[in-house]
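**Student:** Whenever a hint applies, use it, and build me the whole structure from the sequences.
Here is how the chains run, residue by residue.
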Amino acid sequence: MTIDAVYLVQLTLNGIALGLLYALIAVGLSLIFGVMEIINFAHGELLMLGAFAMAFALPVTGLLYWPALAAAIIAVMLVGLAMYEVLLAKLRPDEFERSILITLGLSIILIHLMQYLFTATPRLVDTQYGFDGVDIGSIRITWTRVIGAGAALLAFAGLYLVLRRTQFGRAMRAIAQNREAALMVGIRPRVVARNAVVLAAGLCGLAGAAIAPIQLVTPYMGQFLIFKAFALVIIGGLGNIPGAIVAAIGLGLVESWIGGFFEIAWQEAAVFVIMIAVLFVRPDGLFKRGGMRVG
Amino acid sequence: MKLVAAPLASIIAALLLAALPLLTTSNYIIGIGISALIFTVAAAALNLIYGFTGLLSFAQLGFWGIGGYTTALTVVTFGGNFWWGLVWAALINAAIALVVGYPTLRTNRHAFVIVTLTFALLATLIARDWVELTRGPLGIPNLPPPQAFGHRFATTGQFYWIAWAFSVAMLGLLYALCSSRIGRTLIAIKQNEPLVRAQGIAPMPYKLAAFAISAAITGAAGGVYCFHLGIIDPLFLDFYYMQTFLIIVIIGGAGSFWGVIVSGIALSALPEVLRFSADLRMIIYGLILVVAMFVMPSGVAGWLREKKLAEMRDQLRGALR
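If you read the protein sequences in the order shown, they are chains A and B.
Take the position in the first sequence, starting the count at 1, then add 75; the result is the number in the numbering used here.
Take the position in the second sequence, starting the count at 1, then add 1; the result is the number in the numbering used here.
Warning: the hint list may mix true and false statements.
[To be verified] With a straight-line cut-off of 30 Å between C-alpha atoms, the simulated DSSO-like cross-links for lysine-lysine are:
#1 B/K191 - B/K309
#2 B/K191 - A/K165
#3 B/K191 - B/K308
#4 A/K165 - B/K308
#5 B/K309 - A/K165
Read the hints as simulated data drawn from the structure, not as lab findings.
**Tutor:** Next up, the structure:
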């Protein structure tokens, strides 16, 4: 089989875009796990809400991309805040199974509420950019994809700076590293946990809003992505943010390549096979705990 | 007195349940009865791994689906019969549980939850996308009724006996397991794993065995259920089933064998009572799950146990005064 170079580059670019999207979700999960030691099952639904918010905001802003994106992110952050105050704040850090079951219940409610209110019909979201794109040689990438990937990169840079350079982020890392010691120096776990959830929700809202013009928006879109994000968090090491990002981009590439040459079933199975293999070789994830991590 | 009463009550209850097709001719009610029996078995299997061993497994949904597909394919594609299909369903699921369980259980219980969840969703995707084997979204319709000794279990009433015999056998097996030394070891692992190790017991084989047995029983239950439906398609792996099993276990009380049985029979009627649109029903399920986790995290059985303990404490206080 001869491999067409253009085709391969196209697959690679698609893979990177897909991987960045996975990374946005996985990073939020990692952040919440690091600070609260819980898994947020409703994380995919935050993404779905972000996509819906984008779909509703675009007609209001006259198809302008950036204001709608900002509105979607803020809307999802508010949902995250409500989720924390109503449900997650009542959990203790050792209640892992309970956190999963509660957020699972929330995820069911959100999916079916959206489906009840807005039906399961997939929505096509149009922006000011439409289907325009940049041409590199014979490869064409739509602006919405380029901007989505760029926004994800910016978000990672911003996250890095926040966690490294601000008191706000240092508090999160402190809680993740040693809860008791953080308490002793006067860091309030409740405030930090709330900040982490809202921040993670914002990243998810960004991912949802960025993906809305690229693929169809349905109440179920979060579910298919979230299980990959869960696997990525395991592959990268629970609570390890750079690990999750590297694993996410790697998975995006692998899936895109497999999807280009093999059956679609293999593309879906790849993440699971990789995860089991990683657990066999390195039970704590590919990347050692350490370095910059929130957990 | 109490030692005789409990088995006697359960035998009487089982016989009463067996008589359902004689009491009514309504296929609708008998259908609910079949669902109740099968769901209770699946929930009891989840209870073995979650309630007793303390490992929250979402893989049950995958085992349920793989069991259904294995049984259906054994009959339709590979020319076997229903009974061998159930055996294959149990064996294949147990093997998968060992392969998935071994690397996963070496890590921690957090990783276990996530891996099993991913496994369940993967099974859904494979059922949809591996079209040559599973026939994709169209599914396999017209599953033939099972036969035994020249008798065809063609009507819903006749199929009920299969479901009944299956669930009595499986629940009996699970009861024997849970009330044995193995069951007590599993509870000990849930409560304090380091202490179990200190007693010279390796937890790993127990956990793996509980996971494999739970997988095998869930798979066989899925096999029976898809022949009740008469069709299997990727919707058989809908998350709805996992939610039903979870709610049964949580409301009944994780770790309480009889609590889960009673809530399984009772809650299987719930979807029929809640005859709203499918979406509203799921919203109510979600609300039940969230509220139950806050109000009574250890289920009705756990709530009763706590009440009893509080009473005993009060009596002690009274006696001391």
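**Student:** State for each hint whether it applies.
**Tutor:** Here is what the structure says about each hint:
no., hint, verdict
1, B/K191 - B/K309, "holds (22 Å)"
2, B/K191 - A/K165, "holds (23 Å)"
3, B/K191 - B/K308, "holds (22 Å)"
4, A/K165 - B/K308, "holds (23 Å)"
5, B/K309 - A/K165, "holds (26 Å)"
Hint check: no violations occur; every hint is consistent with the structure.
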